[in-house]
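So the sequences go chain by chain: A and C. For the first sequence, my numbering assigns the number 1 to the initial residue and increments by one for each residue that follows. For the second sequence, my numbering assigns the number 1 to the initial residue and increments by one for each residue that follows.
Just so you know, these hints were derived from the structure itself, not from any lab. Misleading hints may appear alongside valid ones.
Simulated DEER-style distance windows between Cβ atoms [said to hold, decoys possible]:
{"id": "1", "chain 1": "C", "residue 1": "Gln221", "chain 2": "A", "residue 2": "Ser18", "range": "18 to 26 Å"}
{"id": "2", "chain 1": "A", "residue 1": "Asp536", "chain 2": "C", "residue 2": "Tyr172", "range": "19 to 27 Å"}
{"id": "3", "chain 1": "A", "residue 1": "Gln534", "chain 2": "C", "residue 2": "Leu196", "range": "26 to 34 Å"}
We put the beta carbon where it would ideally sit given N, CA and C, even for glycine.
As a plain string of letters, each chain reads:
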Amino acid sequence: MASQQPLTNRSPLIIPCSYLTTEGNKTGSWRFLRPQYEEKTSPCSAACPSGEDIARIQMLTAQGSFKEAWETILVENPFPGVCGRVCYHPCELECNRREFDEPVAIHTIERFLADTASRYELKFGLDKLAARKQKIAVIGSGPSGLAAAYFLALLGYESDVFEALEEPGGVLRWGIPLYRLPPHILNEEVSRLQDFGVHIHCGKPLSRKFLKEAKNNYDAIFLGCGHSQSIPLSIPGEDLPGVEDGLHFLKKIRRGDIPSLEGTVAVIGGGNTAIDAARSAARLGAKVILIYRRRQQDMRAFAEEVEMALEEGIEIRELETPVEIASQKGDLLVTLQKMRVAQEDLQGRARIKPAVRKRKKIRVQHLFIAVGSSAAEDWYDLPSKTRGVTKFNNCVLVHRSREPVLVYGGDLAASIKSVVHAVASGKEAAMALDVLFKEGLKAIESTLKSCLVGNGPSLSMEIYLGGPRGKRNHNIVSYENLNTDYFRFAPAISRPRLLREERLQSFAEINLKIGASLAIREAERCFNCGLCNQCDNCQLFCPEIAVIRDDNPQGRHINYDYCKGCGLCVVECPRNAMVLEEERL
Amino acid sequence: MKQVLEGSHAVAEAVRLARTQVISAYPITPQTHIVERLSEYCADSTLAARFLRVESEHSALAALIGAATCGVRTFTATSSQGLALMHELLHWASGARLPIVMANVNRAMAPGWNIWADQTDSLAQRDTGWIQLYCEHGQEVLDTTIQAFRLAEWLNLPVMVILDAFFLSHTYEPVDVPRQKSVDRFLPPYQPRFKLDTEHPCAFNQLAPPNIYMEMRHNIQAAMDDSLAFFDQVEDEFEDIVGRRHGPVEAVQCEDAEVILITSGTVTSTSRQVLTDLRKKGEKAGLLKIKLFRPFPTKAIRELTASAKKIAVIDRNFSFGASGIFAQEIRAALCNHPGHPLVFGYVAGLGGRDVTTAVVEEIYWLTKGNDMPQGESIWVGLHEVDHAIGQS
């Protein structure tokens, strides 16, 4: 308390004035709620089958740290170039931004990062763990086999990948058309894995005997042989000339054996292979009719692919199925049975029955069958006996005494047949084997559970490796958890594509590159749900100046001597990266 | 130089001439023209002031409290609900002894929504420790605003310059705008007696326990007391340089008056006309204009009304459950003064209703014709309302 002396003969002023620091007043003693920095799980990352740390990838991209963003993908998925093109991106369906305006174009950013890494020939700086003595044989060099070998290499294991065909890649090379995945992208990703220490032996078809022989050289075998055998229609006329297996047709094109198709082509089926075969046929000059026994909405093919097929002029005939194929004057006469929806299953998919006396015939020049596929050899199939069998989300482990450990992965065991599930399967297998070798069979389940992204089923290798992601709360950030006052409306970028007319002229890749400025703009749209992006709102709004910047990884800490626990920082955090909890006495 | 100025712009010119350094305000009708003009002056560098845009009147005054504590000349303007929203900080500004100058355009309080002239908004803030000056015309607005800075900075008290909505804020009149040189002579740069200074860190206005709080309040009242004498000194200096004075009160023909009309704001101008007419008819009428409301010029009022038999106070405001507020104050000022005249209170012109010469004249005749006041307040010119809710 002091009064200041007047400058002239005015009356003195009496006002409270102190020259002591106010730091002695430790307002933190008033606190009964404690704010803390606590990162949480973004919904996109939990929706990604391979558990990519998407919110962080977007944050790094927005900051222009493209290499770090790319490496953040690589910890969880060795194929950003492939998945940035062919993944069906379930992440975007769960994006919280969907409730605000439009989801972030996560898929496009992934492709951008892969393109950027390729353009600047970036080398990724992930370190392998110390070498382990166990060795693993991987059968099949499709996405699951390569992912398994990659993650095993990361964990310090040597492996040999055996590929029956002359080049690696499996379905990525032979089953996905060029316009979705140009081969040089695949080659680049595969050679990066080879540089990382994955040994791939091509032209090495294996037989059942290998399972027994391997015991001498390998501690475990990963079977990622895929479903490369088409299922037949089992109707008369299936063996007529002009009738072909859809997968075989796609493989032929990838080999460079490109037929010219004239007239009308019928494709039977509703999965991705059917769509791929239909769109490839359209590029070869044919008029294409896709015949599917259920409704269009019931198709297993990814909706975006179906949409593009329609754009490219493919006619979809739904609720029809071929019952007979006949040859007539060099054409194929296909008898179609009309189907009707008898009921819908729990997922809303139609259950169908033939409609009585409703058949018609169509005349086509070619017919491709794509009604599904299965394992090419019966020894690829999961064992029928349950002894020693442990099922995980995307792989099956068989551990029997006096036999090598078997892990079935990829299409043989994954919950959904997709590239990204194959990657998830390879990762799960690598983790499971690592735990098995180090701690035994019983420890696998609990260890995998501790590596779930959110509540799973996706797994994180970064969490497994003890990275900072493991410190995050498993709660998934909902739209209501965000403070959207701090976000502006901004439409998603439009993904650049070839024009419809341009697409049909060749097998050129449809989706085009985007530039860095566009990618940054799009990544900036990301709410970074649950992550601190150093926006500093907590510091700005703290009425006690109790948020102190420092150089720990969080970038700041709370000075609890002065924090009154008002919770303003937690409320003003746009992205739910803080938590307010009752003070424990 | 004489210019034709709107009352609002007379305020803005004065703030410009005062070389104000920080302005913060939130727009509200009918005050908006004041800060609109000032923001233009800040934008085009006519005035080298920082204009702080804020989201409410509460924040506007809070911002100025911060600025004034740092020792700069500050100004804000508001009206009605905006002033009410500042209420808490009005106390703070005076308690912290900050010389903030504010223009308040008198507007009725809602509901019902009414943007027109009514003094209740500022009179409801009479106990907040601000000096209050009610102006009659554009010239007085300009002169008083310049003087307000001198008053505020000398006394370390905030000052409110008050003008009627539309009748004054939006009315164009010829106004003499003094030269910058003259104003600079009258109003030198602000020399704060205390300020926040990072070179000499200190904290102001923390805890004041019972052993000092009363002394602080008394200290404010002492400054209020000083201000009566100081106001005269300020007017003297202003008159020397600019050649005008308006007075804390102004008595017109009160010396021999039997009935004195007491007014404030623009009603005074109307009453001047009525007075002339009444005098022509031989009536012994007088007029007392009250400009300075806080501190209340008790002594001057006692002296100037001493010879009258009756006074008629016209209030464009009302304190519910009591009476017109000027009438209250005048009754309080006179009650311990032996032989004081009878006080007749009248309420007129609320919510912008015109107080015409006929209304003022009616008030005069009512006062003259009654031996005793017929109640604390007579509401003049009330209409019959036949559509009230809940009528049976």
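Okay, the hints, checked on the actual structure:
In this structure the hint that glutamine 221 of chain C and serine 18 of chain A lie 18 to 26 Å apart at CB holds, the actual value being about 24 Å. Look at aspartate 536 of chain A against tyrosine 172 of chain C: about 50 Å separates their beta carbons, and that is not inside 19 to 27 Å. In this structure the hint that glutamine 534 of chain A and leucine 196 of chain C lie 26 to 34 Å apart at CB holds, the actual value being about 30 Å.
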